[in-house]
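Could you put the whole structure together from the sequences, leaning on the hints where they help?
Number of protein chains: 2
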Amino acid sequence: MVQLSDKVRELIDGKNFAHIATIMKDGSPQVTTVWIDRDGDTILINTAEGRVKERNLKRDPRIAISITKGDNQYSGAWIRGKVVGMTAEGAVEHINKLAKKYTGADKYQGYTPNEKRIVLRIEAQHITERL
Amino acid sequence: MVQLSDKVRELIDGKNFAHIATIMKDGSPQVTTVWIDRDGDTILINTAEGRVKERNLKRDPRIAISITKGDNQYSGAWIRGKVVGMTAEGAVEHINKLAKKYTGADKYQGYTPNEKRIVLRIEAQHITERL
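Residue numbers (my numbering), protein chains in the order written: chain V, 135 to 265; chain Z, 135 to 265.
These aren't lab readings, by the way, just hints derived from the structure by calculation. It should be emphasised that the depicted structure is a prediction, and the values quoted were computed from it without experimental measurement. The hints are all genuine.
If chains are identical, the list can't say which one is meant, so a pair holds when it fits in one copy or spans any two.
Derived pair list, reagent style BS3-like, types lysine-lysine, alpha-carbon separation capped at 27 Å:
1. Lys192 <-> Lys159
2. Lys216 <-> Lys192
3. Lys203 <-> Lys141
4. Lys203 <-> Lys234
Structure (structure tokens):
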């Protein structure tokens, strides 16, 4: 596991979006845009059960993450790593925390009945940063 | 090949950044941030010979692209497709055209001696858009 530099921590703590790549069943890449957070050096992403990325990561935990600054997209970090945990525990509180950070709202507005939120815990293995 | 909607064309024509995912030799994903352009419905990305993404795409032409609006990152397009051409012809003129679009400069400032620019021609096979 690679530690995050202070600048990468600051990037993740900021209101910056991440683009995450996962592997489809046929081995091809898929990429989506997500909110991002961390717990120390562990990167956190919140998704819902059954989403393409969640199904992909259950099959193959390898993930790549591109995070650029909202106000300067030449500045950012590009991370390769793997999912080391997928948990429903605390996932609703976590999506509300992310909603607060990104939208200012106290609760996540996109929540739909019956969806089961999942927190992905990710360890970085290789980081390129330009910050 | 899937055609691009008018809104996706407009997104690509705008000064918006793309995050592209390719497949490493070991089957894991890699993602980088790039400038993007198009020729009709064919998506164009400019890279240099020997870069990780270029080597990855020579081995496996499958690619995924995430493009969000610079001023509203909830709005964007997520594309899966494949590289159908990699050519050095016109690639220097093309990187200068991209530099003009993104930086306003007449010539690409990041050019280094001996680097061989390459234009990737990409056909979309699946598009999710929120525009």
